[in-house]
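Q: Here is what each chain is made of, one letter per residue.
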Amino acid sequence: MIDFDRVSITYPDAPRTTLSGVDLHVPEGELCLVIGQTGSGKSTLLRAVNGLVPHFTGGTLAGRVTVAGRDTATHPPRDLADVVGVVGQDPTAGFVTDVVEDELAYGMESLGLRSDVMRRRVEETLDLLGLADLRARALSTLSGGQRQRVAIGSVLTSHPSVLVLDEPTSALDPPAAEEVLAALQRLVHDLGITVVLAEHRLERVLQYADRVIHVPGASAPLRIGSPADIMCDAPIAPPVVELGRLAGWSPLPLTIRDARRQADGLRDRLTTISGGDGGRIDNGAHPATPGEQVAVTCDLTVRYGAIAALRGVDFSVHAGEIVALMGRNGAGKSTLLRALTGLSRADGGAARVLGHDPRSLSPRQLVTHVGLVPQQPADLLYADTIAAECTAADRDAQATPGTSRELLDRLVPNLDPDAHPRDLSEGQRLGLVLAIVLVAAPPVLLLDEPTRGLDYAAKARLVTILRELAADGHAIVLATHDVELAASASTRTVVIADGEVVVDAPTAEAVVGSPAFAPQVAKVLAPLPWLTVEHVARTLGAAS
Amino acid sequence: MPTLQTDRLVPRTLHPGAWWLWAIGLTAVASRSRNPLLLLLVLAVAGYVVSARRSDAPWARAFTVFLKIGLVVIVIRTVAQVVLGNPIDGQVLFTLPELPLPDWAAGVTFGGPVTAPSVAAAVTDGLRLATVLACIGAANALANPKRLLAAMPAALYEIGVALVVALSFAPSLVTSVQRIRAARRLRGRPDRGVRGMITVAMPVLEDALERSLALAAAMDSRGYGRRAEVPATTRRTTSMLLLGGLIGISLGVYGLLDATGPAWLGIPVLLLGVVMATGGLALAGRRAVRSRYRPDPWSVPEWLTTAAGAAAVSGVAITGLRDAAALNPDLLPLTGLPLPVAAALGILVAAVPAWVTPRPPRTTPTSPPDPRPSATSTLTQSIDEPDRTTPVTT
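Quick mapping for you: the protein sequence lines, in order, are chains A and B. One gets my numbering by counting positions in the first sequence from 1 and adding 680 to each. One gets my numbering by counting positions in the second sequence from 1 and adding 48 to each.
The hints are simulated quantities; they were obtained by calculation from the structure and are not laboratory data. Beta carbons are placed, not taken as given, at the ideal position from N, Cα and C, and that holds for glycine. Keep in mind that a hint or two might mislead.
Chain A is nowhere near these chain B residues, computed Cβ spacing over 10 Å in every case [said to hold, decoys possible]:
#1 I124
#2 D137
#3 P161
#4 I184
#5 M200
#6 P201
#7 V322
#8 G327
#9 A359
#10 T383
#11 L385
#12 V400
Taking CB as the label site, the calculated pair distances span [stated by the list, open to error]:
#13 B:T281 <-> A:S688: 38 to 44 Å
#14 B:A214 <-> A:T935: 44 to 50 Å
#15 B:F158 <-> A:S996: 58 to 64 Å
#16 A:G985 <-> B:V301: 48 to 54 Å
#17 B:T281 <-> A:G985: 55 to 61 Å
Please construct the entire structure, taking both the sequences and the accompanying hints into account.
A: So this is what it looks like as structure tokens:
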């Protein structure tokens, strides 16, 4: 279905080829998972499938890419629209109309299909993706998962034989991600559509893949094989595979179910080591001593128009703590962070940071009390080089010149000071923004969805950094959908549902046994309270 | 009339063109009349129809916004008249201290006596502008402007899409401004004042550019701009016709407006130009492969709505012929204001669409929310992106 024949892609001004000598054949009806670190060329590979690279992005493509017999060199993306459907990372960015039904029809209108054909396909697609109730809804009123399904539906109506998706679940909460993946699964099984999917959160998608393409980056050759083969030694692996490697299980488990069936021995060993009582719950993130309370909300209510985003929330965080804030898309996590920085006004109750109302602080004072890394970290960047950004940050925070550069070197070493912040990878950019926020030494640090677009290595690095900061006495709050991050970094988990706090407990207590929020290791080892591979490894290491 | 009956019962969106024609009729009435009674009647009719037939979609809130802008217009117009205007002779309400102005500002007064007729004239003038705005607002609230653009002829489709994209960028630009202003505060920089706004402009533009690139890539991938193969001769004929039509229309308009030109340069050349341009557009449409999904039908309710708009215009036209003074009456005393029957009846007829058009379908979730997990997040979607609904006031 998709054929890459000795394909090399070079962008203008790039020091080396992004992909070189790629030979790839994807047969019909396969679900192909593309993995690799950020910046390794995954997106380039995906966008080459329908000719967006090089027709849209520029650069040179050597070799030949053919899809269903059409060469992308002679067919621009619009002439491949009836064979390849592409869904980007942010579905909202690709919406052309403003009602669900019209959006589904847009692609077909461009192809000039007859109106009775369009009617039939829209109805079929509405049913296939469970969108029938939403047909007349305005796109702006949909939730994240619904938007992603509409985006998939909008390319499906053209009856493409190939569907290309770039990180379809990265912005979604766990239930919404499952909703989308279930829909994809159905397309592959029932309609025989070929799906090419890039994703960082392997724990969500690995179980559905027929084949894995590992893009190692730095123009190294691709590794292509069955999930089990690739996972044996891939540097990127979900926790369940890591656990399998640690325990020496064979065959290597790819799903929770496979792992549980082999986990009896490990569970017994862990129980014996910890003395039969389930073990001391310690994921390595505990503060030595709980510090003083630094930020607190008291009966906090925030409304947007007629909708209450937060209703009577009591929340507090102490120095040295890392709190994970979890909940559905739109449950009120971001609003709580915004209230703690004074960006949202309290309609009832109060938010206090070190005893001050954050809204009464001037921006200058605010940064020395609380720092927020927003969902799009790039919002905080203005300058055109890293060096200029660091100088400006020192000036803003009235810190000694050079402080933020030192911080940055600690967080992300060896960045070129003349590089443009927009050219950095997601992980590097997050590091830069963290350095800028931390230069004012705020005792309270808030992060909104920090792992969006981060690979496992960058995530591990972030966890180490957060623990160091907590050990230095910072209080940290993470709003996140990433259960693995919450499990490995946080000491306490707070779950918000519909504007109210429903769980506030030590992380292990909060997530073990929860179907939505339990990390993979906890699901494999339940009812034992081990949450991360690192934790298991430490326990086993201590015993031997 | 069975067609009318079924059309009325089944909720559907009325053809946007019908609403716009209706609104243009009311706008014409408002701009012709300086009679406050007629203007208030137009406002009442527009408001009634909007409240009866607007959908629950986000763009349907436009009417209130336009009404508010209209109020501001009235206030500004009145204050400007009181402070700066030359008073019309009449009863003096009060006298403001007069500011002597230098010679070069002759003709402009600052302060001085304020008379009742001049205030009445200013309020009426403001009211007229506000009514025109309200009519445009009514069209925006009743008909999605995007759907109107989608109904354009195939050859103009691409221009239509450019406009659609521009329309959707206005709200997203507001969102970026708010997001980036919030970010400035988080960086510890002042988020208000002129300098604050200037430094925000750059990231906002970058943001907008990135979004438009993403949208362009998505549209290209979905087949936007596909072309049917047409013979080279057809393509040449199309260009000739379009160019010829353009020249014909320009010359014709010139001939019509310039009384000294030869007679043949007027209407005949204009007609020729229009025919050529129409032919060119029709031929150009052949290159576009587009089709339309569920085009809005044009049936009885559409005709009735358009007719209602036309009735309002005719009413004012009749009054204009028979009793022109009633359209531009002496404003004082207020009790002596005339109410021309033909114009008033015409405007009242324009309220008929409130009954004869189908109700619009719902576009937002019905309550109670369905039990699917996504339903609750839908209701609270705006919470995730608070900037859409609430300005950041810091």
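Q: Work down the list of hints and note, for each, if the structure agrees.
A: For each hint, the structure was consulted:
1. I124: Given a closest Cβ separation of 28 Å, the condition holds.
2. D137: Check passes; 50 Å lies beyond 10 Å.
3. P161: Fine: 46 Å to the nearest Cβ keeps P161 of chain B off the interface.
4. I184: Non-interface label on I184 of chain B holds, nearest chain A Cβ at 20 Å vs cutoff 10 Å.
5. M200: 13 Å, holds
6. P201: Since the minimum Cβ distance to chain A is about 14 Å, P201 of chain B lies beyond 10 Å and the statement holds.
7. V322: With a cut-off of 10 Å, V322 of chain B remains clear of chain A, as the shortest Cβ separation is near 28 Å.
8. G327: 22 Å, holds
9. A359: 32 Å, holds
10. T383: The assertion about T383 of chain B holds, with a minimum of 43 Å to chain A.
11. L385: Check passes; 40 Å lies beyond 10 Å.
12. V400: It holds; V400 of chain B is separated from chain A by about 26 Å at its closest Cβ, greater than 10 Å.
13. B:T281 <-> A:S688: 38 to 44 Å: 42 Å, holds
14. B:A214 <-> A:T935: 44 to 50 Å: Roughly 48 Å apart at Cβ, these two residues keep to the hinted range, so it holds.
15. B:F158 <-> A:S996: 58 to 64 Å: 60 Å, holds
16. A:G985 <-> B:V301: 48 to 54 Å: Given about 50 Å between the Cβ atoms, the range holds.
17. B:T281 <-> A:G985: 55 to 61 Å: 59 Å, holds
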